[in-house]
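Visitor: Given chain A, put chains B and C in place with the hints provided.
Residue numbers (our numbering), protein chains in the order written: chain A, 320 to 457; chain B, 320 to 457; chain C, 320 to 457.
These are calculated hints, taken from the structure and not from any lab test. Careful: at least some of the hints might be erroneous.
A pair holds if it fits inside one copy or across any two, identical chains being indistinguishable in the list.
Stated by the list, open to error - With a straight-line cut-off of 20 Å between C-alpha atoms, the simulated SDA-like cross-links for lysine to any residue are:
| no. | residue 1 | residue 2 |
| --- | --- | --- |
| 1 | Lys337 | Lys359 |
| 2 | Lys455 | Pro422 |
| 3 | Lys334 | Leu393 |
| 4 | Lys339 | Val323 |
| 5 | Lys339 | Glu440 |
| 6 | Lys339 | Ile453 |
| 7 | Lys361 | Ser387 |
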Amino acid sequence: MDFVDITKDIENLIKKEKVKNGFIIILSKHTTAAVRVNEKEKGIYKDFENFVKKLLPPKRYYYHNDLSIRTENLVCEPGASDCLNGHSHCLHLLMGATSEKVPIIEGRLAFGPFQRIFLIELDCARPREVIAQIVKEE
Amino acid sequence: MDFVDITKDIENLIKKEKVKNGFIIILSKHTTAAVRVNEKEKGIYKDFENFVKKLLPPKRYYYHNDLSIRTENLVCEPGASDCLNGHSHCLHLLMGATSEKVPIIEGRLAFGPFQRIFLIELDCARPREVIAQIVKEE
Amino acid sequence: MDFVDITKDIENLIKKEKVKNGFIIILSKHTTAAVRVNEKEKGIYKDFENFVKKLLPPKRYYYHNDLSIRTENLVCEPGASDCLNGHSHCLHLLMGATSEKVPIIEGRLAFGPFQRIFLIELDCARPREVIAQIVKEE
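So here's chain A without its partners, still in its complex pose:
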């Protein structure tokens, strides 16, 4: 599991696009990578990873990983661990972390002091794509 803080990229985009007021949608194009808002503190990342590994152990039996019965989507996303990522799909379904939206007020994300936007890898590390869509007030 990997927490990538993408807040600075989002802030730079807002500056570049000269947005005063509006909002932004940030979407992960993947079913096992999550967009999430939380605090930037390394202990939290480790706590969450430990918690999740117990909740959904990767080594448990998953139908999704059973290639003796599976018939759908046998071609995986590049870098995926041979599609054997049932635990990541269950976690992503539980978390529902496909996207976040954040109001922009006076050129800034309307965040409290501890809020940051993360892309969280729920499967093995690999290239991931995130879309940011800005809606501006005119």
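Guide: For chains B and C alone, coordinates are given in the frame of chain A:
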């Protein structure tokens, strides 16, 4: 638990409304039915159902199911199992799956190759209503 | 844990701003307070609190709470329990409850009969700030 893939309905709506760029909000009008984005693969549905049944067993004691003390909302949604669905409410609160929003770019959902939109029934099967709201760029 | 029903405040804002059609984004400015849609029934609040206390016991070891190794964000939000809220951060990461968005149709939230908006305190009680942003159709 039931996974209903509603992606085609959403795509047809986007075509019918001739949306080029914008985004769509998809909302479940229910507190025990979820809108979620994930992969279309039957094993995943079973894995998630198995996982969730252990996490929140329907037969455990729930205050929500205890009609000897409960005073609120004793008239249920049509088809609900006599309101005895405490496990479904806990799961829905955890998942937070009331809605999803997805950018539309060049007439298409800005999805990766494996992303699909589901309505997931967290309680007993029954008719469910979903709202889709489109915001278009002019 | 505390469930605060903020639906009336949101409805009053929609009336005051004379919104006919559009949508609203409701954002918590905190990393341990959640915005969520569910049913208003006291038993559900207790069921969820009981469930969550077992899932993420506050007294378990969390890296976030270990001030002998932690180096980041040692100044806490006012009222936070000396930053020792690793369980609340894990829960918030799992729930992903930074914001909700709801379509507004004919001057009303496009909700089903049982849906209400809550601010849910996942840590100790203290003042919390929520932002509501309205986007109107013209």
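Visitor: Would you mind marking each hint as holding or not holding in the structure?
Guide: Tested hints:
With identical chains, the CA atoms of lysine 337 and lysine 359 are never at most 20 Å apart, being 26 Å at best within one copy and 39 Å at best between copies. With identical chains, the CA atoms of lysine 455 and proline 422 are at most 20 Å apart both within one copy (10 Å) and between copies (14 Å). For a Cα distance limit of 20 Å, the shortest separation of lysine 334 from leucine 393 qualifies neither inside one copy, at 42 Å, nor across copies, at 29 Å. Proximity of lysine 339 to valine 323 under the C-alpha cut-off of 20 Å is found in neither arrangement, the shortest distances being 26 Å within a copy and 31 Å between copies.
Taking the closest pair of Cα atoms, lysine 339 and glutamate 440 never come within 20 Å of each other, the shortest separation being 31 Å inside a single copy and 31 Å across copies. Taking the shortest alpha-carbon separations for lysine 339 and isoleucine 453, both the intra-copy value of 11 Å and the inter-copy value of 15 Å come in at or below 20 Å. For a Cα distance limit of 20 Å, the shortest separation of lysine 361 from serine 387 across copies, 14 Å, qualifies, whereas the shortest one inside one copy, 40 Å, does not.
Checked against the numbered hints given earlier, the structure breaks hints 1, 3, 4 and 5 and satisfies all the rest.
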